[in-house]
Structures are given as structure tokens and as C-alpha cells.
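Residue numbers (the numbering used here), protein chains in the order written: chain W, 1 to 401; chain E, 1 to 401; chain D, 1 to 384; chain L, 1 to 384.
Some hints could be false.
In silico DSS-like cross-links for lysine-lysine, where the CA-CA straight-line distance does not exceed 27 Å [unchecked claim]:
#, chain 1, residue 1, chain 2, residue 2
1, L, Lys13, L, Lys350
2, E, Lys396, E, Lys238
3, D, Lys269, W, Lys396
4, W, Lys396, L, Lys266
5, W, Lys285, L, Lys377
6, D, Lys230, D, Lys108
7, E, Lys180, L, Lys350
8, E, Lys31, L, Lys199
9, W, Lys62, W, Lys31
10, W, Lys285, E, Lys285
11, E, Lys220, E, Lys181
12, E, Lys181, L, Lys13
13, W, Lys285, D, Lys377
14, E, Lys112, E, Lys52
15, W, Lys181, D, Lys266
Derived from the structure by calculation, the hints contain no laboratory data. All values derive from a computational prediction rather than experimental measurement.
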Amino acid sequence: MDLRFSPEENAFRQEVRSFFQTEIPLSIRSKSIEGRRLTKEDMVTAHKTLHKKGWAVYNWPKDWGGCEWTPVQQYIFLEEMQSNGVPPPLAFNTSMNGPVIIQFGTDAQKKKFLPRIAALDDWWCQGFSEPGSGSDLASLKTTAVRQGDHYIVNGQKTWTTLAQYADWIFCLVRTDPSAKKQLGISYIVFPMTTPGVTRRPIQLIDGGSEVNEVFFDDVKVPVENLIGEENRGWDCAKFLLGNERFGIARVGISKMRVARIKELARRVPSGSGGVLMEDPQFAEKVAAAEVELKALEMTQMRFLAAERGNKSGKPNPATSMLKLKGSEIQQTVTELLMELAGPLAIPYANDEDDMIGHNEPIGAEWAAPAAPTYFNYRKVSIYGGSNEIQRNILAKAVLGF
Amino acid sequence: MDLRFSPEENAFRQEVRSFFQTEIPLSIRSKSIEGRRLTKEDMVTAHKTLHKKGWAVYNWPKDWGGCEWTPVQQYIFLEEMQSNGVPPPLAFNTSMNGPVIIQFGTDAQKKKFLPRIAALDDWWCQGFSEPGSGSDLASLKTTAVRQGDHYIVNGQKTWTTLAQYADWIFCLVRTDPSAKKQLGISYIVFPMTTPGVTRRPIQLIDGGSEVNEVFFDDVKVPVENLIGEENRGWDCAKFLLGNERFGIARVGISKMRVARIKELARRVPSGSGGVLMEDPQFAEKVAAAEVELKALEMTQMRFLAAERGNKSGKPNPATSMLKLKGSEIQQTVTELLMELAGPLAIPYANDEDDMIGHNEPIGAEWAAPAAPTYFNYRKVSIYGGSNEIQRNILAKAVLGF
Amino acid sequence: MDFDLSEEQQLLKDNVDRLTANRYAEIKTRTELMKSAKGYSEAFWKEFAEMGLLAIPFAEEHGGMGQGAIETMLVGEAFGRAQVLEPYFPTVILAGSALRLGAGEAMKAAVIPEVAAGTLTLAFAHQEPEARFDLANVTTSAKADGKGGYVLEGAKCVVLGGDSADKLVVSARVSGDRASKDGLALFLVDANAPGVTRKGYPTQDGTRAADVTLSGVKVGADGVIGEAGKAYPVIERTVQNGIAYLAAEAVGGMNALHELTVEYLKTRKQFGVPIGSFQVLQHRSVDMFVSVEQAKSMALYACVMVDEPDESERRRAMHAVKVQIGKSARHVGQEAIQLHGGIGMTMEYKGGHYFKRLTMIDLMFGNADHHLRELTKAGGLLAA
Amino acid sequence: MDFDLSEEQQLLKDNVDRLTANRYAEIKTRTELMKSAKGYSEAFWKEFAEMGLLAIPFAEEHGGMGQGAIETMLVGEAFGRAQVLEPYFPTVILAGSALRLGAGEAMKAAVIPEVAAGTLTLAFAHQEPEARFDLANVTTSAKADGKGGYVLEGAKCVVLGGDSADKLVVSARVSGDRASKDGLALFLVDANAPGVTRKGYPTQDGTRAADVTLSGVKVGADGVIGEAGKAYPVIERTVQNGIAYLAAEAVGGMNALHELTVEYLKTRKQFGVPIGSFQVLQHRSVDMFVSVEQAKSMALYACVMVDEPDESERRRAMHAVKVQIGKSARHVGQEAIQLHGGIGMTMEYKGGHYFKRLTMIDLMFGNADHHLRELTKAGGLLAA
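All chains should be modelled from the sequences, with the hints used to inform the complete structure.
Below, the structure written as C-alpha cells:
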């Protein structure tokens, strides 16, 4: 047992860190670190810079541009990415739809889609959830009826993140309404510009509109856009949902936020003389979060090491714990930032909103994102399988209930 | 709305407080306050003193010695009793078996039992729980088979508190094994000296043995010892369990403990100069408990006021909340006391145990009961309907799930 | 002891509940008002005035109702339940308390009737950028002009309702160090007086506030509230009145949010059953219920204690109130969003509005941590 | 990075797991040993010696195995799982570390082989009645006798294993104020030396301890551990080694307690079904699992950091370890008792033994709150 990183691993960390710090524009990284909203252009720039370096689809097979990194290297890469405020490669492309096409697509589909997915020449979005199908995804109602060499798609998706930027969508649709739940579902893809597709942004409680409703009204999709077999789309969905294993805890992001909180707390006045970091009550809350975070980091490394021995390709259900604890810590940390801001967190200074009164409040340059980030991060224990669902999984798969 | 106590209520408080402080021996009250174990004699002395004053069965109807106090008076009485360390009238007698006999007993039974119950001439214990029947009390297996004018009782009870002191037991027994669960149960009473009754003390994690297993081996009980109708004992049980409404939160006891913690913390060294009460971390935990306790006290008074309007005689299910929050606060407070003791809580100084090494450890005079009290109080969220059962009740009865 | 409402109180409660529930029945009403010029409805404000709500705490000789904390609690609960946007808190509760408790007869007679009639709105310009939660931390200066008046110089921030208020109650320092309780004064300043600059903005909970700069603002002798230099007790009691009201508003909000959540759990189906059939969600709803009940109790306790003459007892009690309100609001708010899932995250659903307001209430005039520390410093809640 | 055990480590783990599980298979064994004269089994102790467990951390030239924190962690986990009573912690980990890290060659050569062979037990007499968790708070005095030796005067309390230890490692002050880190010294004292009075007693977790009075106790020059006056770093590292071991022991205990709880939930029936079919109990078991995993991680982290040469990094890490262990142990212990119901409250069931030991581990060498504060004072865990 040797719990230290090897010299090679440390060298790798240096390499990625230095790339991130020199090649990804500081203006973009600062936005992430300070909790300001990234534009589409920011995300594309970061993705394309990583892609040029060959790192955007590090997790893919070598033939399609992957890096064949060890789990430890992947861990280091993600941690450095997160703690340096580098926007990650677009997940819809690289860890969701791309791997599904690699696993289930035809050669023609692979050749057609993968290079543009990897390069973010097309921005993809995910059409899974529906108003009546959240935790119970398999109850989805959007239909695709075969007519000749097309499907006619009707229905509605919701919580579609960044659909406003998307060129393509990958969708779960019901192709056999008579089959039981999972059995009649297919995975199809089509351009967002297809006639009959409309999007409606949903404003979230942080003031932004990162999610959308997407409506399908007789949308005509060629049969060759079916990925995998008809009525076997649930396999793709399970594969996709089980695919994200280690980024999920977001240790690096929380570390970055804790560092920022400590830095700010060393200059924000406590009100009663001195700065907030000298207030033991606040400082102890920060330290308590650091302890949980360190434990989670070690837990992640332990699971990662166990994963190496896992040749089954099946996700380790214990990774649900990373989601559970990771989301809890992310929420603790965003709440601490709001607490740090105190009364200065009260003003609402969203520059993309249409509310009147666009005066910049005092303290806005650092305090304005505090409350919106806290509000926004309530979602991390809801989406991607709510924490209640994760507990159900752990109870069954790990504890054997 | 007038949320202050009336002058009459304040006068009543003065009266009970002064009685407690002058008539209940300080030696007994100190034991309660300091967390030392009470002897049987202590409890009997306190009970008989209250009885002589006419207060031991204040909650009974006037005909049987009750006081007809208003709910506010009852509340004041209990609070003063608890915060002055007065051992309460024996609950098995006065709030469990006595009221059941008043409600369900025959005139002959009332005359025979009630005066001795009220005076604690007989010490009663409760034979409800069985090894296989805890939360699911109605699944109990102890049988009483009618033979002429007797029942023959066989089976086992457990968690029988203070059975070692008891003269009589009130028991739930199954008289009709063919009936469904609740329907075949009867409520009978008999002396602990009846042949075939044996008790085995169970040592608890605090080191004491306040609970017992009680075994029945062909115990012969006269039919006239049946209370209420045969096979309708579940009515008695429900009545008994729903009867305890306001003592349950034990606000007075927690207040008394908080006061003691603050008093001790003003003289216990913090290790780093000064006393523990000057340590903001510890002092804030105490203050946080005080806030919850004050809120609970107000909640109790609100429920009490609502109760006045409740003529149905049915318990207000919201009182489950008093049990829930009350037990939580009791546990918080006992834990704080252990934390206060710190390393001095480690020695085990139980003077009634047979472990060797009866040297009195340094600090034992105040620190010795800290850990055992903490251990013992884990039970308050388990017995009398566990907190999980209370949540089930609240979910159903209050929230309408 | 008597927890029953009097007939008049019950009538007030019924009326204010009905009116606010009706006016804010649609969440769209709220979101549209949020985007309107003033950020609230002047028509609703007029109705509140007509119902006498704006007159509640003031003396009858000034056009008030001469009522107390119970009555403003009833309003607070209703406003919290309906998520009312109108500036009742800044005008009637905060600045209103400062005038009621601090001003001389002449000022009261001049100003309060207008407030009670709904023709004058106020704001309490006290918070400063570096003061965080310390009430005495005031650097805005008031220099005597030698004629009984003062000249104000300084900056205030997050002045609730400050963007549209007609007059401001401004705290400033006539002497003493930055955080000294001695040397503070309160002034009634016209919001459009020369030297007053306001930068208004929305707040996270959908209401409005402003940063206020005071640059050579002249206040006559008639603009001084009470005795200059001795204003700290008035400021403290103003904030304590604010806490009592916020407690009621939070209780109204969290009660409604809890009901909304339970309702949602009973109707939302997944896996073929209402999600409220899952025991875990039931128990978590129960724990929310407990938090709401504890908060209700402390909101009532606030009514008992906010006018307690013993200032140490009153202070400790009001700290305790804010601790419990902050704790309960956080728990109920976070759990409500979690139990709702995605829908709770959207501005199209009332749940998120409650959550945001409850979150902001904790940040106003000291969060739970701050008040716990102050309570601890004061020796705790039970007799020392 | 490599989390796999080496072949030797795996063998050690298998052996110690098997032996302790076997010896402590029955809870009756433990409760009877608790009541025996020594409070533990000398036969088991001999077996541990034969297996080499007592030699693990010591250098090979002193009869040790020259192994490290991973190996003692494996022992700690096994001992925690089996709830072993023998004085491994006081002898090998605490006093053993003090000798290993502080003593000169002569003392090591004289004492350690006996410890490793199981013929000598030790205790670490450091805690004083008024010191609470402050490691430098030592009032026991050591006065130089002019011949290189010292005379000790003072009182120690809760000396773990102190009732039956053959020798004591005693801390005392040669100079400086009560809580100064300068001026401390460590001495190896025969437990039966003239002037040493021991009052032994059981502890809450079923082990033993003693209060020790030192009255004119003479220690020769050969009894001084390291340099008198400079012992604080050795004391601190001794305690850090103690924390690393306790972390492992706690993990062994809470892991077993969690398994016991899950097993109980699956078998205990109420309302005609195993109570483990209730979702609430499942989710709470899952939360316990999360706590156990977080604790495991920090026990491993302790192994990485306990020998870290940078003392600030090491110190911050070991504070963090004790924080997490205390927090997890409390959560897992309390929930285990609650989920068990009555049976968990009895001494006849192993659950309560785990709970009590876990509770005591938090109180040893600083509870979670203490270490959180110390961690905070040191700037927190992440690079400042």
C-alpha cells in the first residue's frame, strides 16, 4: 500500500495544471471561480482548446481520440480542471452521447457523429426527463411512430439543460406503447432545427434559464438516426447513466470554492472588528467542510483503486455514495459562501435578467453570485438521480436490503 | 391572547415550588439533579409525601383523589417537579394502571385497587412488551387460558421497568388465540409473588439494571383480576398509551439539566485557561439547546391550550411531536453533560455494580454520572413508541398521508 | 395564560388572510409585479391602508390603531403566506418602529398619520457595507450645523424598500468610535433631498432595496429623531420589532411551503404511486412539520417578549427567536425544494419564491449563527 | 498511488482478524474478562505477542518488526471489530510511541524487547485532572536531583491501562508555566516505585484505567526519556500515533456495528415483515454506511500523514482525522442503538459494547469539537 502519488503521477499533474493555467483564458477561469455565468462562447473556447490538446474526449477509446489514462490520471485531470476553474468538456457530448454512440452506434453513425461530437462542432442536449417522468424515467410518454423510413415524434421533454445552445438532441422515446415500461423505449437523435421542435426556457430560482422545456410536434426523424436497436433504448440509457463515475463528487470544484471562501474571508470585515476568518464560528464551519471534503477525496481514491480491479465494466454501486456526499458538500460550501456574503448577498444583480434596476449593488463584484449559486446548487441533490434514489440504490446494491 | 401566566397561576407555581423545596428531602432532589441513581426508598418517600399533600394522583377524577387542575396548572406542577429534581409519582401506578382501572374497572376493583395504587402501598409494573413484540405490540404471544374461575398465564414479558421493586403487574395477555391480533387480547393484573412468576434483571449499557425480563410459568390468576372485558384489553392499552400527553416532553427535566450544565461549566477548567463556559464553542452548543428547549416549552403550552378546547377526550396526535422533539432535546442535553466532563467521563464508577476496582476516580463526584446518563437516555427515543413510530403517527394523523 | 385570539384579532386575521390570498392567488401576479416600476402594487397598498393594516402599531392620536405585536404578527403571517411584495416591513415595522419609539411628538404628529393612511412610504437606512450584522457599526457621520440641525455624510446599503420610499430613517454617528453604541443618532430625511443618491435594485426574494449615498445632506432640527447621540436603544428596538415581524412572516411562509410540499407529495406520482406513499418522504415531511411548529412557538414568544421592559431579557429572547427562525426556515426551505424535485427549482412555482424569501429572512438583521453567538455572549436564555 | 495491501500485510490482517474474532467470538468472554482481576486475558496477550503484534512498530534491532502505520491500523481495525480488551493501545501505541520516538538507545534496548515479547506492559501517564484536552497543560513537577535524575510530584488521571501496567511513561514539567510547551519532560517510572500510588478502576468501555499520584518519586538519569524540557514534540507525536490507531479501531468498531445493525434489520420482524423492509430504516442505514466510509478514508489518511515530516501538515491532518472519526462514530453509534431498539441498550448484546467504546474514543485525546477548533486555529486543512 502506498497512498502517495507516484512521481509520474505528480509530473502528469504538473503538465495538466500548467496547460490549464496557460492555455485556458484566465477570463474564463475567473468566471468559474467567482461563480459568474459562463457564456456559450466561453464553454466552446474551453472545449476546443482541450480538444486541440487531445484531452476533450480523454475518456473515449484510443481509436476515437481517447487518452487511455489510468483511473488515477483521470482523477488528477478532473481535480486540476475543477480546481483551476476550467469549464469541463461538454458532458452531453463527451460523457453522455459520445460513449453511447461508441458502444451502440453503427460504423456509419460513429463516422458521422463522433468527430463533430468530440470537437463540439455540434452542441448536444439530452432529452430524457418528462414532466411526468423524473425519478421514474421509464414511465416516459414521448412517442415515436414508425412511418416508412421515418419516425414521427410527439411529446415533451423537460429539464433539458442548455437546449438553447444545442444543435442536436439525443432522446428517449417510446416506440412500442404496448410493451412494458422499459421494453418499448428507443434512443434516437435529431437536429434541434428539425421542424416541429420548439424550446421554452424555464427560469430557475437562481434567476438564470439554463434548463428548457422541449416540445415535439410531429417531428420527422429518419430511421437511420436510431442508435442501437429499436425498443432497446433502455440499454443505452442505463449505460449512459452508469457511465459517470468519478467526476460526480466534484471534489475539485468544492476545493476551489473552499479556497475562495478562505481567501474572501481573510478580507471581508466581520462587522465587529477584524475579518470574518478570525471569527471562530465561521472559520470552524469552513474547517468542518474541509474535513468532510478531504474524507470524500480519500473515499473517491479508494473507490477508484477498487475500480481498477473491476473488469466487469459495471459501475460500482458504491459510487452512489460519491454523488450523495459530493452533493451534500457542494451544497454546504455554496451555503458557506452565501453566509460569508451576509447582508450583501441580498441584492439581486443578474445581468442577463430583464428585471429593472440594473444598478450594481455595493459588494456585487464578489457577493452577487453567492445567493444564486446557493439556490442553483440545490439541484445537485435532485438531478442525475436524486439523493433519495441514490440511497435506494445503496440500500439494495450495497447493503442487500 | 395573553401569553403570560395569570397572577393565580403564578401563585400556584409558588405554592408547589415551596412545597417541593421544603417537603421533599434535599438529599433525594440532589440525586435527581446530579444524575445519581434513586433508591426504591427515595421514590417511595417522594411519592408518599406528595400523596399526603393530595398531589400524587392530581390527574385522577376528584372522587378518587384528583385535583381537577387546569391544563396550565398541571403544566406548572410538572415543570416545577422536574426542575426541582422531585421524583414524579410512580407512573405505573398513577398515570398507567390507575387511570385504566378508573376507566375500565368494576366498582369492586376500584375500591380494592385505587387507594393502594394512589398511596403506593403497592408498587406496580407494566407487562406489555415481549421479546418479539416491541413496536408491534399487538403481536404479543403471552397466553392466558381460562380454567374455571382462573386464567393460566404462560409466556414472557421484557423491558419491564423496575419489576424488581414491584408488588403487582398489569399485563396484556392473549385470551383468544384464534382472533386477529388486537382482538384476542385482555388486560389482567396479579401479584408478582404469584407462583410461577420469575424476574431476571437485564443490565443496560449505563451499567444499571432498571429493566427486567419477567417469565410466567403456569401462573394462576383469578378471573376477577381481569380489567375491562375479556378480549377487549387493547382498548385499555390504547387508552393507557394515549393518556400521557404533556409530561412526555420533560421540559422541566431538560431545563434542570441545562441549568446544571451551565453551573458546572462555570467552574470546570477548559484546559486552556479559564472555565468551559468561556469557550464559545461549548457555550454556543448550550445556548442552541436552550433555544430549542424554549421553543418546545412554548409548543407544549400551545398544544395545551388547544387541548382545552378538545372535549373528545382523544389525544391530540400532535403531542407525538412533544415526544419526538422532547426526546431529542433530552438526548442533546445529556450528551452536552458528557462533553462537559470530557476525559473525566471515561472512568466507570457505578457503586452498585459488581465490577472490581471501587476506587473513586478524580472528578467522580460530578463527572461519574455523565456517560451513564448519556447512555441511558438513548432509550427515550426508543420506548413508549419509538420516534419512528411517532413519525408514522404524525404522518398519518396530522399530515394525512 | 390564554392563546385564543380576541374577536377583533380573529376578524383582522380573517380579513388580511382573505385579502392577501386573493390578491396574490396567482404566482404570475407576483412575478409581474416584481418586474413593474415600483416592484409592488400601489393599488394593493391602498387596500392595506383601507383595511387599517398600516395603522396597527401606531397610537390612536396619530391615526393609528394602538395595537401590538400580536396584530402585526397576524399581518406578517398572512404576508408570508401570500408572499406579499408591498413595503410593509420597511415602512410600518422598521422605520415605523423607529418613529414610534424614538421620535418626538411633533414629528410623530406630522409623519405617522400619513404612514397610517398609506400616503407615505419609509425605509430604514441603517446597514453599512462593512458592518455586516453589528448594529452599532455606523460610520456615516452627522456633523452639527450649529443651528440644531446636522449634515450627513456616508453610505448605506441594502436599504430595504429604499428605492421607492418617500422618506428615509437614517442612522449616523455624532461621536464615538466606529462600533461604539454611544454617539448614534437617527434622522428623518426626505428621500429626494439634495445630496441623497439612491441606486435601487431588486433583491433575491423579489422585493427591492437600494444603496444610498449621503453627501452633505442637510437635516434641520425637526428632522432629528429623539436625542442625537442616544439612538442606539431605538435602533436595537427597531431591529427587535423587525425580528418579531420577520419571525411571523417566516412562519407564514414556511407553513405554506410545508403544506405545498405535503400536497405535492400526495399528488405527484412516480412508479405508479403518489411519492407521498414512500415512508422516507413522509418522515421528512414530519420533521419539517416539527420545525414549523418550533418556529411558530418562537414567533409567539417574540410577541410576548418584544415589549418586555427588562432590556437584557428582551435582548436574549429576541436573539433566541432569530436563531430558531433561521434554523427552521433553512430546514423547511431546503427540504421543501428537495422533496419537490425539479419543479421546486423554477420561478414558475410558488415553492421557490418561499424558499428564496425564507433564505433572505435569515440574512436580514443577523443570521442564526450571529444571534446564537450574541445570545451566548449575553449568558444564554435561561436565567444565568 | 496504490491501495492494495502487500502480501505480508494481507497475511497479518488475515491472522489478526481470525485470532481476535475467534477469541472474542462470545460476548460473554468479554463481559467475564471485564470482571476479572486484570480486566483482560494474559493468555490472549501472550498470543498477540507470539503473532508479533506487539513488535510491529519497533525497530528490528530492538526485537521489533520495523513496520509502520498501515500494520498498526490493521491491528486496530481487528481489535475494534472484536472489541479486544488487552492493553495494546496503552502499551504498544501510546507508551511504545513515546519510547520509540523519544528514548535514547540504552533505554530502547533495555525496554522495547520486553514490550515486543509481551513480558512488559506500559501506560502513558499524561492526562491531568484540570488539563482537559490541552496536551501542554502539565503541572506535575520534576525537580532535578543534581545527579542527572529527577524527583516527581503531582497527579495524573484516567491513565489508560494504568492499573496493571508494569511501567509508566510519565510527563512532568521541569520549567515553564502551567500550559507552556517548553519545559516538559518524559520519564520511565516503575509502576511500583516508591511514591507512586495507583487507584485503578474500570472505564465506561470495559477497559481499565487508574489515577496516579506521584509523591517524591525518584527517577535516575537512566529514566529520562530524551532531553528533559524538550519533550513536547514527543508527547504530541505520541498522541498523534494514538489518534491514528484510535481511528483504525473506531473504523473496525463502527464497521462491525453497522453490519450488525443491517443484519438485525433484515432478521427482526415486526408487523409481519423484517423491519429492514421499511424505507426509512434503509435510508438511515445508508447514511450510516456513508459515515463509515468517510471514517475509513480518514483512518487511511492518518496512515499517510502520521509520519509526515512537516509538523504543521501532520498536525492539521491528525486534527482532521479525529474530527471525522468523532463525527462518524457518534452518528453510527447513536443510529445503531436507535435502529436496534431495546436490544441495543443491553450489555448482553455486542451492539452496546461498540457504542460505548466508540463514545469513549471520541473523548480520548480531544473530542471532535476540540480538534475542529485546533484545526481552525492552525488555518484549516487545505493549503492556507
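Indices of hints not satisfied (ascending) = Hint check: 7, 9, 12 fail, others pass.
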